[in-house]
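Peer 1: Listed below, chain by chain, are the residues.
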Amino acid sequence: MKKVNWIVVIAGALVGLAAVLLTALGNPANMGFCIACFLRDIAGACSLHGAAKVQYVRPEIIGLVLGSFIMALVKGEFRAKGGSSPATRFVLGAFVMIGALAFLGCPLRMVIRLGGGDLNALVALIGFTIGIFIGVQFMKRGFSLRRNYTLGVTEGTILPVLMLGLLILVVAVPSLFKFSEAGPGSKFAPFFAALGIALVVGALAQRSRLCMVGGIRDGMMFGDFKLLYGFVAIFAVVLVGNLITGHFNLGFAGQPVAHSDHVWNLLGMLLVGWGSVLLGGCPLRQLILAGEGNSDSTVTVFGMIAGAAFAHNFGLAGVAASADAAGGVPTAGRIAVVIGIVFVLAVSLLNMPKKADA
Amino acid sequence: MNDYIATFHTHLAAIMAHRALSALNISARMMPVPRALSSSCGTCVRYSAEDANTQAMGEDCESVFMVHPGKKEEYELIYSQE
Chain A
1 MKKVNWIVVI AGALVGLAAV LLTALGNPAN MGFCIACFLR DIAGACSLHG
51 AAKVQYVRPE IIGLVLGSFI MALVKGEFRA KGGSSPATRF VLGAFVMIGA
101 LAFLGCPLRM VIRLGGGDLN ALVALIGFTI GIFIGVQFMK RGFSLRRNYT
151 LGVTEGTILP VLMLGLLILV VAVPSLFKFS EAGPGSKFAP FFAALGIALV
201 VGALAQRSRL CMVGGIRDGM MFGDFKLLYG FVAIFAVVLV GNLITGHFNL
251 GFAGQPVAHS DHVWNLLGML LVGWGSVLLG GCPLRQLILA GEGNSDSTVT
301 VFGMIAGAAF AHNFGLAGVA ASADAAGGVP TAGRIAVVIG IVFVLAVSLL
351 NMPKKADA
Chain B
1 MNDYIATFHT HLAAIMAHRA LSALNISARM MPVPRALSSS CGTCVRYSAE
51 DANTQAMGED CESVFMVHPG KKEEYELIYS QE
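Chain order of the listed sequences is A and B.
Residue numbering for the first sequence follows the numbering used here, beginning at 1 and increasing consecutively.
Residue numbering for the second sequence follows the numbering used here, beginning at 1 and increasing consecutively.
Derived by calculation from the structure, the hints in this document are not laboratory data.
Hints should not be assumed to be uniformly reliable.
Unchecked claim - Keeping only pairs whose Cα atoms sit at most 25 Å apart, straight-line, the calculated BS3-like set for lysine-lysine is:
no., chain 1, residue 1, chain 2, residue 2
1, A, K354, A, K140
2, A, K53, A, K140
3, A, K178, A, K53
4, B, K72, A, K140
5, B, K72, A, K75
Stated by the list, open to error - Which residues of chain A face chain B? A partial, calculated answer using Cβ under 8 Å:
no., residue
6, F133
7, T150
8, G280
To be verified - Here are some chain B residues the structure puts well away from chain A; computed CB gaps all over 10 Å:
no., residue
9, A13
10, L24
11, N25
12, S27
13, E50
14, N53
15, H68
16, P69
17, E74
18, L77
19, I78
Every residue, glycine too, gets a C-beta built ideally from N, C-alpha and C.
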């Protein structure tokens with residue numbers, strides 16, 4: 001059962017290629033794709049937060065959801081399902097986002113940063129793996145957010161329809177939205193190129209079940225490394241792409257949209273890993289599942305958007321290092337990460353089976 | 001003796017079914033649901049037995065498939081809750 005699942009490897013390689021391409025076309029460095037950053041930018045564009053440097057309607061998010069939606073429809077795999085502890089998932093999604101924004105990246109961007117030589121992402125990977133390991137211990141002992149149920153078709157189409165609406169609005173009436181004039185939000189690949197690339201990536205991610213958490217989780221839980229090959233393929237392609245284009249820069253210092261606050265990079269991604277195991281997938285996977293009709297994942301995505309708004313409205317997000325400042329995670333952000341870890345611990349403990357069940 | 005794969009609504013239900021099958025001395029193991037069976041990423045139980053033992057699967061069992069071996073395995077749906 002250790003055979004390589006080629007669709008996962010191909011999907012991973014293409015995600016890596018897409019990331020390199022999107023950066024070359026204008027996305028911020030080491031940020032070809034970042035689900036956390038891009039949801040935060042969308043939150044900012046919709047004035048849900050006021051951080052002027054991170055406001056842009058990222059077509060990558062729209063493309064990922066719609067790509068998954070279209071592929072699921074074509075393959076007859078669209079299923080409207082939900083009802084598995086939605087409120088808990090909303091808050092878990094928010095804290096996963098707060099953890100990711102402390103580090104400045106979702107698990108996908110962590111892999112992309114690693115491929116750029118950013119060793120801060122290696123510290124984050126250690127935290128992420130520890131978080132997954134803790135989550136897996138609860139899973140093995142029966143942690144459950146309870147089952148989902150078949151729902152009406154409209155419930156499953158909420159996020160794809162919202163994304164389509166956002167697409168129409170941003171194209172037809174861009175003045176509704178805020179767009180950064182400086183900072184990461186001001187750097188972007190051409191809109192329709194990014195949308196097209198993300199549609200393909202979303203469709204492939206739906207076919208392959210690509211997930212940054214799933215690979216490590218399945219490896220720990222079942223000795224099954226199929227999904228991990230996708231993770232490795234992304235890293236390998238991004239690494240080669242950066243070496244070819246001369247963007248590979250090994251070290252902790254001087255990394256784009258990053259800081260070297262090691263303890264909080266580690267703890268931020270520990271929160272992301274643990275929370276994502278409880279949610280059943282990384283932020284990318286949540287977008288893909290929402291696209292194929294899972295309304296629990298839709299609620300999780302809403303939670304992540306709310307988390308991004310909180311992160312910037314309350315000064316929780318990590319501050320990137322610059323020429324004159326070391327950056328790092330502000331005190332409020334550190335407190336929020338600790339509260340997040342306490343929250344995932346409480347959710348883990350309070351959703352264990354009763355003695356009679358186990 | 002046939003191979004079967006049972007899928008569940010929750011990971012916990014898979015753990016319980018795995019225990020129930022093991023108590024019946026049926027060789028069973030937990031693994032990720034094969035992609036061919038689902039686009040979601042749940043846990044399934046694969047086991048070898050004379051019959052499907054659906055009674056041991058519990059109320060949160062979603063479906064049971066018989067595995068037809070071959071170069072590429074095929075799965076035949078033999079029980080579905082819905």
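Peer 1: Please go over all the hints and tell whether each is borne out by the structure.
Peer 2: Status of the hints after comparison with the structure:
1. A:K354 with A:K140: At roughly 14 Å apart (the allowed maximum being 25 Å), K140 (chain A) and K354 (chain A) satisfy the hint.
2. A:K53 with A:K140: 42 Å, violated
3. A:K178 with A:K53: The given pair, whose Cα atoms are some 10 Å apart, holds under the 25 Å limit.
4. B:K72 with A:K140: Violated, at roughly 30 Å.
5. B:K72 with A:K75: 19 Å, holds
6. F133: It is violated, given that the least Cβ distance between F133 (chain A) and chain B is near 16 Å, above 8 Å.
7. T150: With a closest approach of 7 Å, the T150 (chain A) hint holds.
8. G280: Since the shortest Cβ distance to chain B is 7 Å, the answer is holds.
9. A13: 8 Å, violated
10. L24: 18 Å, holds
11. N25: 21 Å, holds
12. S27: The claim holds: S27 (chain B) sits with its nearest Cβ about 15 Å from chain A, beyond 10 Å.
13. E50: Nearest chain A Cβ is 23 Å from E50 (chain B), so the label holds.
14. N53: Holds, since 20 Å exceeds 10 Å.
15. H68: For H68 (chain B), whose nearest Cβ neighbour in chain A is about 17 Å away, the distance exceeds 10 Å, so it holds.
16. P69: 14 Å, holds
17. E74: 17 Å, holds
18. L77: Fine: 14 Å to the nearest Cβ keeps L77 (chain B) off the interface.
19. I78: I78 (chain B) is indeed farther than 10 Å from all Cβ atoms of chain A, at 20 Å.
The structure fails hints 2, 4, 6 and 9 (numbered hints given earlier, in ascending order).
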